[in-house]
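J.: Here are the chains, one letter per residue:
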Amino acid sequence: MIQTGWSLVLVGVMAVLTFLLGYVGSRRANTTPDFLVARRAVPATRNAAAISGEYLSAASFLGVAGLVLKDGIDALWYPIGFTAGYLAMMLFVAAPLRRSGAYTLPDFAEARLGSLRLRKFCTFFVICIGVLYLVPQLQSAGLTLNTITGLPPWLGVVVVIAIVAVNVLGGGMRAITLVQAFQYWGKLFAIAAPTFVLFVLFLGGPGNGAQPVDSSGVLRFPEDAKVTTVDEVRVRVDVAMELSATGVLNGSYADGSVYWRPGLYEVGAQTELRFTAGSPVPVVEGSPTSNHDWLRPQTDGLSGLFETYSLIFATFLGTMGLPHILVRFYTNPDGRAARRTALHVLYLLGLFYLFPTVLGVISRQYLPRLLVTGKTDTAVLLLPSTMQPNLLGQVLGAVVAAGAFAAFLSTSSGLVVSVAGVVSTDILPGKVRDFRWATVITGGLGIALALALPGADASLTVAMSFALAASTFCPLLLLGIWWRGLTWVGAMVGLVVGGGLVIGAQVVTVISSYTGKWAASVFSQPALVTVPVAFLTMIMISKLTARRRPEDVSRILLRLHAPDPLGFMQDRDVQRFGTAEEKARQDENKRRDDSASPPLS
Amino acid sequence: MTSHSGPPGQPDQPQPAERDAWLSVSARKNRRRRVVLADPRGRGRVLRTIIELEEQTSVGEKLIRDLIRQQLRTGLLLGGGTLLFLALLPVAFYLLPWLSDVQLLGVRLPWLLLGLLPFPLCYGVGYAYRGLAERHEQDFVSSVDR
Chain A
2 MIQTGWSLVL VGVMAVLTFL LGYVGSRRAN TTPDFLVARR AVPATRNAAA ISGEYLSAAS
62 FLGVAGLVLK DGIDALWYPI GFTAGYLAMM LFVAAPLRRS GAYTLPDFAE ARLGSLRLRK
122 FCTFFVICIG VLYLVPQLQS AGLTLNTITG LPPWLGVVVV IAIVAVNVLG GGMRAITLVQ
182 AFQYWGKLFA IAAPTFVLFV LFLGGPGNGA QPVDSSGVLR FPEDAKVTTV DEVRVRVDVA
242 MELSATGVLN GSYADGSVYW RPGLYEVGAQ TELRFTAGSP VPVVEGSPTS NHDWLRPQTD
302 GLSGLFETYS LIFATFLGTM GLPHILVRFY TNPDGRAARR TALHVLYLLG LFYLFPTVLG
362 VISRQYLPRL LVTGKTDTAV LLLPSTMQPN LLGQVLGAVV AAGAFAAFLS TSSGLVVSVA
422 GVVSTDILPG KVRDFRWATV ITGGLGIALA LALPGADASL TVAMSFALAA STFCPLLLLG
482 IWWRGLTWVG AMVGLVVGGG LVIGAQVVTV ISSYTGKWAA SVFSQPALVT VPVAFLTMIM
542 ISKLTARRRP EDVSRILLRL HAPDPLGFMQ DRDVQRFGTA EEKARQDENK RRDDSASPPL
602 S
Chain B
616 MTSHSGPPGQ PDQPQPAERD AWLSVSARKN RRRRVVLADP RGRGRVLRTI IELEEQTSVG
676 EKLIRDLIRQ QLRTGLLLGG GTLLFLALLP VAFYLLPWLS DVQLLGVRLP WLLLGLLPFP
736 LCYGVGYAYR GLAERHEQDF VSSVDR
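Protein chains in written order, with this note's numbering: chain A, 2 to 602; chain B, 616 to 761.
Chain B extracted, bound-state conformation:
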């Protein structure tokens, strides 16, 4: 806390708005409260949406359903794509045996495809997923924080 806000003589009192945030909704209605017009964190408003989420109102329910669907779609696309790529390799080697005799930099192509490529591939996919998932969560937080 940077500025002194409480009444003189009681310097360590928390802001009433902060205190109210932790009371239940009904308790808050009956209290006299000081109105702070420029709360920089907007904590009270975020809290209202959180309560909306928590109490499963239609808005909250829809918000969270959309987030789950979005994250699942991202995961399935990235994970399914990787699995599909890896799963195509054995059948390709089986149907096209000449692939085994292609040499690249003195090493046979299948050894490169199986011994080297999958590891950076997995890391790359994971990196992409981390970025996307965190962006979705960021979007969600800011949509709650309107």
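Isolated chain A (complex conformation):
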């Protein structure tokens, strides 16, 4: 690989900057509030940049462009959903959740419904969603490092976790706020600069390596191409073609020239396929083979329509249930600031998502070979050097690689902090030392799963965790914040039913992907069914168990909704949740405050 040197240098610079900023931010972090919520004093604009930096994961940076390359216009629902989900979060959750004064989602559940059992269930789902979201980040990191340098994928996974763990161990939330705010702007630059340059080149030089499309819209290779598959793939061929192959085709070994009639073909891992210029491009199963379908929305009929709606549902309602996004709001000083932060995030997200779409469209012209292997997540990384096989292309490619690395780092740190925060306060005793242990445990679990599980498209796995969040925490938060009637029994049954359905659907999808793809799309995109079921369950069971409504529900809702100047907002209710050590510290602080200043806040 030519661009290795440049990429390694820029990725290294990104890692060092991350580390330095983390160090600067963590110099004065030493209490639990420092670690978990950055002392609740982060300004709205910086917090917004940090949230965006955390939210724009590998799925956004690499996945969106890759899916546009593969699936065309229907893939645009991912960025739309990621943004609209943030809007839903701002409308219904941001300010009241901040006023609740809890540290983590289980904190909120217990403060609102007063049940320790419910709290344990929430802890379980926070860990599930966090890890489900962490694994694709790490796998993409491995894939990126492998694509740009040829180093083995496991190294990328370990490097990302190592940098994250050092930063998190050093300063917790305080350190990563600064780091993530920086990484948002880094990512925006890393995707905007190449997009502008490549778009100008694309407009200026048609036919410059672009592939020809025949009248019926079938994609053809612009020049002789050699493609080596990574995993086993099934490709669809629409026009009869000839190619030569070395490796496993349809279960038997082949070496030499092959003739493919239209149909489905199975290509084994590490098989080399050689195409001549002008031959049609076989496309991985499930994606449109012709540009005609790629350009037009909703060409998959009713099941495509169902999938689109399910995706809209999952992302629109799932964002508010993501633990690593929620925990960020606790770092705002009050509810009004939380709302303003969310608005600023909407602006930053909209700005970012303009670029991956453009890159995805351009890469359709230059990187048809990725359609054969299905590894379209690498499109953004490969596009600059494919369009400009010179110094400019190498530098741009390196910038993109550094941006992608920033994406893995920031999202992974956010996930590790939020999962470790929950583990340390709910499973371990909740001191700073426990937080460090929890970080190590979370990181180790992430590495193990990322290496053990088969890789899939980052956006698809992420969509699954959105579906899980939408079917568990979204109903809990919405009903908990806006409806007096919720009881802990209802919430718990709802969590179990919603979460259980999504996890079951995921298991069915995995089994079917190994045994011939027989599962209907409702299993891979279950949100359209599971979210209403979870809502209904929670409401019905709560009505049946109305006796168990918490007695102080009015007081709690008052605290969630009363405007900030009235001063009802309380930070974490130490009397109810705190450990003995924290209570002692709280009392001491109170005494000191009382004697030092007149008690007017």
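No wet-lab data here; the hints were simulated from the structure. Take these hints with a grain of salt, some might be off.
To be verified - Derived, one-sided and incomplete: chain A residues facing chain B with beta-carbon distance under 7 Å:
#1 L77
#2 L306
#3 L347
#4 T358
#5 L559
Claimed, not checked - If you want a taste of the chain B side facing chain A, the calculated C-beta under 8 Å gives, among others:
#6 I683
#7 P735
#8 Y744
For each residue, glycine too, the CB sits at the ideal point set by N, CA and C.
Since the structure of chain A is already known, use the hints to place chain B on it.
T.: Here is chain B on its own, set in the frame of chain A:
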């Protein structure tokens, strides 16, 4: 504090009214207190309504219920409207395939509708919500502050 208010020789005493504000209601009744007629912040009166809210009297309960309903209605209208608009797009593309061939400025209409429009739309809706929600809260504070 701009003016010297305490007795001579004890310049740093807080205003009695301020001090009273932080005692419980029953404790306040039994104390001798200095009456300040023109307290510019009206802190004492706000506090009484806050106590009313806190103790869940019928007035306080109704006030907060109305605020919650108002905020929820705003959120549902804005969020539901956005969701409805976005959710109509796929079915429109499905039922009216000719939409895909309309070109605007050299780009096909669906690409503009999906790739560009939703982002400013979301920001606009969020901006409107922030304004409305903050106004509702302002109204609530001033109704408490009567």
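J.: Confirm or reject each hint.
T.: Taking the hints in turn, this is what the structure says about them:
The closest approach between the C-beta of L77 of chain A and any C-beta of chain B is roughly 4 Å, which is under the 7 Å cut-off, so the hint is satisfied. Given hint, L306 of chain A at the interface with chain B, holds; its Cβ is 5 Å from that chain's nearest Cβ, closer than 7 Å. About 5 Å separates the beta-carbon of L347 of chain A from the nearest beta-carbon of chain B, less than 7 Å, and the hint is met. The beta carbon of T358 of chain A comes within 5 Å of a beta carbon in chain B, closer than 7 Å, and the hint placing it at the interface holds.
Restraint check, L559 of chain A versus chain B: the minimum CB separation of about 5 Å is within 7 Å; hint holds. With 8 Å as the threshold, the beta carbon of I683 of chain B comes within range of chain A, its nearest partner Cβ sitting at about 5 Å, so the hint holds. Among the interface hints, the one on P735 of chain B holds; its C-beta lies about 6 Å from the nearest C-beta in chain A, closer than the 8 Å criterion. At a threshold of 8 Å, the smallest CB-CB gap from Y744 of chain B to chain A is about 6 Å, leaving the interface hint in force.
Hint violations for this structure: none, all hints satisfied.
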